[in-house]
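If you want the building blocks of each chain, they are given just below.
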Amino acid sequence: MSTLNNDTLNIGVCDYPEHVPQNEWGVHAEQQRALGLTYVRLAEFSWAKIEPKDGVFDWQWLDEAVATYVAKGLKIVMCTPTATPPAWLVKKFPHILAVDAQGQTMRFGSRRHYDHASETYRKECKRITTEIAKRYGQHADVIGWQTDNELGHEGTAVSYGGASAERFPKWLEARYQTLEALNEAWGCAFWSQDYSDWSQICPPNLTAVRQPNPSQALDYQRFCSDMIDEFQQLQIEVLRALSPDRFITHNFVIFAQEFDLYKVAKNLDFVAWDSYPIGMLEFFATWESEETKTEFARTGHPDLVSFNHDLYRGIKGGKDFWIMEQQCGHANWAQYNPLPAKGAVQLWTAQAWAHGASCVTYFRWRASHMAQEIMHSGLLQQDGRADRGYQEVKDFDPSQFALEKVDAKVALLHDYNSLWAYNLQPHNKDLNYWHQFMMFYSALRELGVDVDIIHPEQLTDKQYALVVAPALTLMTDKTASILNLCAKSCPIVFGPRTAFRHDSGRVANKGQFEFIEELVGIKLANFDSLRPTLEQTIRCTNHNTDFTAKLWCESYEVNSAVATHTYTHGPMAGLAAVTQKDKVSVIGALSTGLISSVLMEALRGAGIETYRLPKGLRLSKRGNTTLVQNFNQQAVEWQGVTYPGVSFTTLE
Amino acid sequence: MSTLNNDTLNIGVCDYPEHVPQNEWGVHAEQQRALGLTYVRLAEFSWAKIEPKDGVFDWQWLDEAVATYVAKGLKIVMCTPTATPPAWLVKKFPHILAVDAQGQTMRFGSRRHYDHASETYRKECKRITTEIAKRYGQHADVIGWQTDNELGHEGTAVSYGGASAERFPKWLEARYQTLEALNEAWGCAFWSQDYSDWSQICPPNLTAVRQPNPSQALDYQRFCSDMIDEFQQLQIEVLRALSPDRFITHNFVIFAQEFDLYKVAKNLDFVAWDSYPIGMLEFFATWESEETKTEFARTGHPDLVSFNHDLYRGIKGGKDFWIMEQQCGHANWAQYNPLPAKGAVQLWTAQAWAHGASCVTYFRWRASHMAQEIMHSGLLQQDGRADRGYQEVKDFDPSQFALEKVDAKVALLHDYNSLWAYNLQPHNKDLNYWHQFMMFYSALRELGVDVDIIHPEQLTDKQYALVVAPALTLMTDKTASILNLCAKSCPIVFGPRTAFRHDSGRVANKGQFEFIEELVGIKLANFDSLRPTLEQTIRCTNHNTDFTAKLWCESYEVNSAVATHTYTHGPMAGLAAVTQKDKVSVIGALSTGLISSVLMEALRGAGIETYRLPKGLRLSKRGNTTLVQNFNQQAVEWQGVTYPGVSFTTLE
Amino acid sequence: MSTLNNDTLNIGVCDYPEHVPQNEWGVHAEQQRALGLTYVRLAEFSWAKIEPKDGVFDWQWLDEAVATYVAKGLKIVMCTPTATPPAWLVKKFPHILAVDAQGQTMRFGSRRHYDHASETYRKECKRITTEIAKRYGQHADVIGWQTDNELGHEGTAVSYGGASAERFPKWLEARYQTLEALNEAWGCAFWSQDYSDWSQICPPNLTAVRQPNPSQALDYQRFCSDMIDEFQQLQIEVLRALSPDRFITHNFVIFAQEFDLYKVAKNLDFVAWDSYPIGMLEFFATWESEETKTEFARTGHPDLVSFNHDLYRGIKGGKDFWIMEQQCGHANWAQYNPLPAKGAVQLWTAQAWAHGASCVTYFRWRASHMAQEIMHSGLLQQDGRADRGYQEVKDFDPSQFALEKVDAKVALLHDYNSLWAYNLQPHNKDLNYWHQFMMFYSALRELGVDVDIIHPEQLTDKQYALVVAPALTLMTDKTASILNLCAKSCPIVFGPRTAFRHDSGRVANKGQFEFIEELVGIKLANFDSLRPTLEQTIRCTNHNTDFTAKLWCESYEVNSAVATHTYTHGPMAGLAAVTQKDKVSVIGALSTGLISSVLMEALRGAGIETYRLPKGLRLSKRGNTTLVQNFNQQAVEWQGVTYPGVSFTTLE
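Protein chains in written order, with UniProt numbering: chain U, 1 to 652; chain W, 1 to 652; chain Z, 1 to 652.
I should point out that these hints are in silico values taken from the structure, not numbers from a laboratory. Certain hints may be false.
Each pair may be met inside one copy or between any two copies, as identical chains are not told apart.
List of simulated lysine-lysine pairs, BS3-like, C-alpha gap at most 30 Å [to be verified]:
#  : residue 1 : residue 2
1  : K510      : K342
2  : K342      : K581
3  : K429      : K615
4  : K409      : K615
5  : K462      : K342
6  : K462      : K478
7  : K394      : K523
8  : K523      : K621
9  : K550      : K293
10 : K293      : K429
11 : K429      : K342
12 : K394      : K510
13 : K92       : K615
14 : K53       : K316
15 : K409      : K621
16 : K72       : K510
17 : K170      : K92
18 : K266      : K462
19 : K550      : K615
20 : K550      : K342
21 : K523      : K342
Using the sequences plus the hints, can you model the full thing?
Given below as structure tokens:
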């Protein structure tokens, strides 16, 4: 089997020959190769073309397409087409359809309309995966596989009826063994929720009063995550068997949060994600201000993009990842979809590399003439003329980017269980886990510091100079013992709501910080959920500097710790907002300035160099190369050098 | 049977021993007694613990809990656990579940998921009530009962299918006897809505065009109210029979409006309500400005809280009421849930007393480790440390508050039928009945005037110096004759939309004011529904003072009345905005200043002293004691005295 | 058969004798005649009164009502009552009910709760239409018919289940003949949507991921339009047969857009529409600023009203239309429903005439005492007193308004297929077809220019001096050939998104402008969807004037055209925003100033006089009379003449 160049960045493209007359395939493949692309992703949503009727296969078109691309020198990344079961399959097995939170069964006509728990659909997916793997699994130029597409995208991770509703009690039985254990874990004593038979348990939707039991909802999230894991695993097994020596990956989505990526990615060779920086800011980052959304409307915000890079690099413990879909013009799915600034496509590509990408795949080759993505651009316009992205790719030399290691000295701890627990009861409608997490991430990026984003359990794999846990609200015995061990050799900074809940979603008997109480030396005094018009002032005990917090504040009783910052007014006046015990700090208040200040202090203590970067200017280091990125549309001066608007510069 | 102290305020607490290991029960009871609490509310949501399986009872835990509390000197308020049918019951009788306005059947996992009209569920409730009443009904230290919990809370008063849909036609048949009468009452001539068979009649949801028939919707509200009344009455009857000489009450909610409290409370000994001042402002008072929501974010607004006190005191004709759940820290259910200001718990308790509460029950003893209310505080923290409320209660002496009479000279007339009729067709999306009502209530409170809030029919029970009817939009023969009689001895001020509709929800043949036309001496000229950016100016005929009205303005043709205020501009220029005939005034415009001015005039005429109270400072008189309450966080000076922030002061 | 006066404007009224005691009918009819009304619309929602039980008819009341009106000299417009099937019918045939987008079946209790595709309901409608037509079809004073009422009103054009879901595949089969053709037209290659059996095809709702296939959705819109057409056609046929020599019309709604009015109106004698200027601005014109909504809150905006006049005049190729319901006081269905300014009823009536109305029918005679429209006014108050509108009508002389021709020299091209295609994928959440269209329409009105709004195919019927196509996004062969022909004799101005899609909803293989590429001489460079905080600056190449665009910008590659305006900054800097080739211009940016400037230039070139009208002042010419309309509440001076607030003036 041939492979891609392993030394420097590869670029490729997503293509859909089935959308284009066959006589154009050769032309396109040739253009692609001429542009420096080395591979093409194929067959992503092609089930109905491969198997137009139940059991009737048409391989000819795909055989010819593959042959055409290969003939021009491109490698192939093949997809399992399971994100889009054909109409005949849905009509034959209507019970595979997912059910939404309002109790409605989904209809055919879009994508991802299935319930991952459906044994029937799994069987069908295994069947089609087997067929396609038999056909192309050992093709010399098929270098690897993408499973399905964007698992869980747009709320499709969860089905509230059908196969999922049926399987959930069984999954719970396997998890808890006894109903006594489940009733205890979920706190069923509350509101008379005790179950006396497994069959009584439902998905957590359509409850009469707004909130479902958060432990039930947390377990439902875990259950759905496991269903997705099982769903994909069936395909991985088939591919391993029938397509040896090829990689298997999956293209995850921006800020994916509906399943546990550490689990779901476990048996993949590496992870990929789909990067759309503009929609990421406009659509996903609900917490960003109008001002930020305006300033970075044509580039996306550097920290949002790099956060996803760092997250996905960390999912597999620092292994190089792919961008499986890279925005290369305007997208179509946000509320507003402005044209990218000139240079943005190159900037995004370089940034992806700097954060650990080995391959960047542009989405898509030619803009679609049809269906849901008519308004989405590609490298070519709908009539085949080169679009803006094409020109940028043409002027871009990927061979300058060597595939060295990203070696960050700071780790940010992330965990999907904490994310789910946080979001199930945010206690402030403007808050969520990512929002809080990003405040810490951006503070570090503004200081020019590279970070790994890892699961706490990965702490045992690498020694860091500083560990930051922005929102580790769910604490387990295991995580606590890792943290206790880690703290012996490394400073740690915790954010608000740390260790507030146990694995069950319940609060520990000893309240917040149980399991790590010795480490932090404090107890919760109170938390304070602030409406947007309220704020708190926090004073640094040593320096008399004041910081303003919004959204969320916690105060602490200090036992064996010291208060480094205290609240100056209001019901928590005089109480600790930030504490320190040895090299372990806890920040209780959501204040950009405060977080930055405490982190800077910690970084200094850890011997890590920091900078004061201008807004929108960022540094990312890979190997010995530092990539300076200017996401502003205007030029910015920093350290005596002027960086043009929307540009990257490499420093050795 | 022993009882509570009858001379001064009692304080107690809601406790849930079933949430706590048994070895802590004694400790908690002892702490409670030491804190000055004299009673504890128990067993509220405990059905699944009492009857873990169909017909299998476990009384041991509750017997022991009761014994433990009693041993420490606490009295017991016992609850019927019917707000939370257990999982096995719901599984056995799925048809008891309520159906929402979108036609979806509710699921188990929260509370109040049942249809009050369900005969099956009523039978089950009667059965469990009988069992618990047999067990504890004659226990020496069980002093009384709470039925169910927060009837109708969060929209659960209404089910749009199942038993309710089935029962509605029968209820209508009993009400109207003939379809001719119903067709006439509902105005079915409109849009071809005439019914020719009772079975054709549905709940008023899922209509193709937005609005259902308002008379149908009004009757559906009455029907649901009656269903709740019947539902509770079954429990009252069981408790009366099996637990003689104990009180029976119910804990109603803030601004409860889904059923007729005068009816539903009729067979209770007294009413109780659940007071959460902070969420009341943030969540319920949708009409309050961002400024007000910010200033009073940590205390709630005094008028919102006292309005509910006065309303609930009036429900049973001025009888002392209970606070069955008193916020004593942060709550968890509003969009934002800030920490209360220091002193707020004491201030709320004192205010409750001043408005007629005999008992204030803090919610809850220890914060929950589990389930839906993890983020809600108690007197104790989750790990058992004293929380802020605990300290405030400790420093509070209830014995200083004697249980004398609240003797208000001004009555505000309130009626749930008017509320429903108003809200079904508000004609301005920013308006509702409470909003309009509160403008009059707050005007009186700002003037330092104590009020009773009563049903018009209660006017025959007491002589007032002034009667104000802020939003009595639905007029009946009976109410009209009471008002006509009342006006002979007492000035009356009416608000906008007065007497616009009849009991059926239809407009009277003679238009607005039918039945009281002689009394007011005017006819409607026009009403004017103002978008937020529009306003009207109104001039006082005598004083040339101008007032600004927003939201809603009515103009009148004056017949035997005089216009005291007129519109200066716009389509109603020159027409009457306020009229007077003898001692009866009608205010047609929603203007805070105008309402205050007209009421001040009327109070003067009635010989009632008024004050100009600073914002957030309020006076409430009980017996001979006036309680000055400062809800501001900063100190306020008034009449030469400085009142500290968040404080109360008693004046004799 | 007698008819109305054919020389000058007629005024009439909508009346509902079935809402009023019979002894008032004669009084009302007499008052109507005295007021100058010449006809009355009757029986609109009267099915349940006519046929109170299945097959049991009661004609007596309507016979007597008709006789009473006729006796006083009024002509009758009779309605088919099919907008409101009675309760017994719905109970008998529950499968006639429509299903909403959430999958819920509608309930009885409002109106329009049926599926237009239902053969059962069609049969019933044919039956009742036959009955009423037999009864009154040849009555000497019945001058014509209104079918049903406000077809498609409030989203009732579309049913997502039942009969529509069943019929849709058959309709598609008739349209496409083969599944291959359908799969190609819908671009089913995308997301594996190919159908292998007609029965697999569903309505485009409840798709798992947000967007349905836009071609499927476009065809569903066409299908629903055809269902409405068929539905009405059955009634037209019955009426033609049984009521010869009477007109048949329908009262369409404001900004109707759910079906193709050119088709649905084809077999009507003329069209009518229901004009509510105030709610039109508050409720429908979501794109208007708060400032505009405030300034014109009591009159509506002149351009919104006249746009609908011009649109409906154009539907039947310039034939006089009726206002079948004219607001004559406050309405009840917008978020806010302010009182009209004094003079507004006369102003609206005169404006309607000036734009081609031959009859204006006030809605309604007496305000309803009952049901959904209690809060809606009439000419009489609920108690029978004259309301404001009555006085205005009394002071209004319709005989001054001769029924001459409106002879506009400028045509605006409109097409429902473009509207649907535009709105299915607006690519900017603040944009829709009407919004874009109104920017061009208002620009012309501000310049004092009268316009026809016509379908492109109507271009062959009349020679214009200028043709403007504001949003002709869907292009067919046929339309293109008409435009190519038209351009030989007439300048054309195109707006953004012109010719972006083909009839199938797909983008042409050659991209935007296919079919008219030679005409415009350009290709799309890029489009740019701007969030509200972003804008683009555009410079006129000749004059160095700058314009600001918002919302949407397109840039073009000029081939045989010239760029008259270019973007100055941002990703499209230097590219053409407006192009010209011979007398064909394309405006690519949504800028009020730019559109006005380009149109003014084009008007000058076409020899059409333009003015700079003050805000809210408008000119409309009918025959030789120009009606000056001042929609401002204050007086406005123009060309040395002062026009009083809310007034009209005729200039010869």
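Do the hints match the structure? See the list:
Taking the shortest alpha-carbon separations for K510 and K342, only the inter-copy value of 25 Å comes in at or below 30 Å, while the best intra-copy value is 56 Å. Taking identical chains as interchangeable, the C-alpha atoms of K342 and K581 lie at most 30 Å apart only when they sit on different chains, with a minimum of 29 Å there against 49 Å within one chain. In the homo-oligomer, the alpha carbons of K429 and K615 lie at most 30 Å apart both inside one protomer (28 Å) and across protomers (29 Å), since each shortest distance falls under that limit. Taking the closest pair of Cα atoms, K409 and K615 come within 30 Å of each other only inside a single copy of the chain (23 Å); across copies the shortest separation is 55 Å, beyond that limit.
Within a single copy, K462 and K342 get their C-alpha atoms no closer than 39 Å, and across copies no closer than 47 Å, so neither meets the 30 Å cut-off. For the identical chains of this complex, K462 and K478 are intra-copy neighbours only, at 17 Å inside a copy versus 69 Å across copies, given an alpha-carbon limit of 30 Å. For the identical chains of this complex, K394 and K523 are inter-copy neighbours only, at 22 Å across copies versus 58 Å inside a copy, given an alpha-carbon limit of 30 Å. Proximity of K523 to K621 under the C-alpha cut-off of 30 Å is found in neither arrangement, the shortest distances being 39 Å within a copy and 42 Å between copies.
Taking CA atoms no more than 30 Å apart as the test, K550 paired with K293 passes in both settings, with 20 Å inside one copy and 16 Å between copies. Taking CA atoms no more than 30 Å apart as the test, K293 paired with K429 passes in both settings, with 20 Å inside one copy and 16 Å between copies. When the C-alpha separation of K429 and K342 is checked against a cutoff of 30 Å, the pair qualifies only between copies, where the shortest distance is 24 Å, while the shortest distance within a copy is 37 Å. For a Cα distance limit of 30 Å, the shortest separation of K394 from K510 across copies, 23 Å, qualifies, whereas the shortest one inside one copy, 61 Å, does not.
Taking the shortest Cα distances, K92 and K615 never come within 30 Å of each other, neither inside one copy (55 Å) nor across copies (62 Å). Taking the shortest Cα distances, K53 and K316 never come within 30 Å of each other, neither inside one copy (39 Å) nor across copies (47 Å). Proximity of K409 and K621 under a CA criterion of 30 Å is satisfied intra-copy only: 11 Å inside one chain copy versus 66 Å between copies. Proximity of K72 and K510 under a CA criterion of 30 Å is satisfied inter-copy only: 25 Å between copies versus 66 Å inside one chain copy.
Within a single copy, K170 and K92 get their C-alpha atoms as close as 26 Å, and across copies as close as 20 Å, so both meet the 30 Å cut-off. Proximity of K266 and K462 under a CA criterion of 30 Å is satisfied intra-copy only: 18 Å inside one chain copy versus 70 Å between copies. For a Cα distance limit of 30 Å, the shortest separation of K550 from K615 qualifies both inside one copy, at 21 Å, and across copies, at 26 Å. In this assembly of identical chains, K550 and K342 lie within 30 Å of each other by CA distance solely across copies; the values are 20 Å between and 36 Å within a copy.
For the homomeric pair K523 and K342, the shortest alpha-carbon distance between copies (20 Å) is at most 30 Å, but the shortest distance inside one copy (52 Å) is not.
Checked against the numbered hints given earlier, the structure breaks hints 5, 8, 13, 14 and satisfies all the rest.
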